[in-house]
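J.: Each protein sequence line maps, in turn, to chains A and B.
To convert, note that position 120 of the first sequence is 124 in the numbering used here; the numbers rise steadily by one, no gaps.
To convert, note that position 97 of the second sequence is 145 in the numbering used here; the numbers rise steadily by one, no gaps.
It should be emphasised that the hints constitute simulated quantities derived from the structure, not laboratory data.
Among the hints, a few may not be true.
What the hints assert, rightly or not - Distance condition first, Cα-Cα at most 25 angstroms in a straight line; then the derived DSS-like pairs of lysine-lysine:
#1 A:K79 with A:K113
#2 A:K100 with B:K55
#3 A:K142 with B:K117
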Amino acid sequence: MAQISEIDVVGIDYPGKILMDNFVYRLNRKPAESTSYPYLVVCRRIEDISNSTTDILMVEDFRRIEADLKKRVKKKLGLEVTVFPARKQDGPDTGKWFNQIRNLYKFCKLNDYQFILSSGANSALEMVSGRSFESILKICDIKPENYWKDLTEWLEAKYQRMVFVNA
Amino acid sequence: MLKRRSKRRYLAILYGVGLQHSSRGELSILHSITKRNSELFGHITTELSSVRLIRSQQENMIIISCWLKYIDNILSTIALIDPPLVTIVISGTLKSLRKHLQTISHNTYL
């Protein structure tokens, strides 16, 4: 599904076993030992951030946490917005969601954080194709080519800092 | 003055197994796309997009077309719709879209 949606690397919750290549696993905390798979430590609340281990903070309401972010969050942290909640919003709220993306992207650029737009999918059918991501980015005045380039570089830097067993 | 013909794009869209594969089901999906597009981008833009339904032979899939100028609106509408839909192929002609679909195994996406 990822291939036909033109997505090269998919981030999913670690199911307890390694499924296949082209997955990066989302964990709640850093594993105690070296792993044989790439992972990212994802945090849902700004209060729970551990600056040494957290890779991604999920942003639900950017306006509410904007002031806190600068104080509490280290540079290069990924700030992630998901598409899934916006599916259930009405027109005005979706409009605000688009504006949140635009503001968060600007904030990330100014303060050296990594902006991440993800589907938040719980099933294959909830995935968002690469081309649809690009359309959402364009509507928010974000150049898709810049977004993908920055994200690839950020992800590669994360891979380099991980130690894989049997890699 | 150059006379340029406006271009259309054809999109193959996957929908959930819960939704019925019938002409009525396909029309209701088209209606949900145009309704959501109107909510997000307005009625005028939706009309100008000229979204049309084209029958698909494959189960759980519809093909629609729209003007190229409005493709970003339609794609983001599809990404922001509930129940979820996934755009799997976009093409400039119906023939190449169907050719592309034949190369994808049905099991790949269901």
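J.: None of the hints should be skipped; say for each whether it holds.
T.: Each hint tested on the structure:
1. A:K79 with A:K113: holds (11 angstroms)
2. A:K100 with B:K55: violated (31 angstroms)
3. A:K142 with B:K117: Holds: K142 of chain A and K117 of chain B sit about 13 angstroms apart, inside 25 angstroms.
In summary, the one numbered hint that this structure violates is 2.
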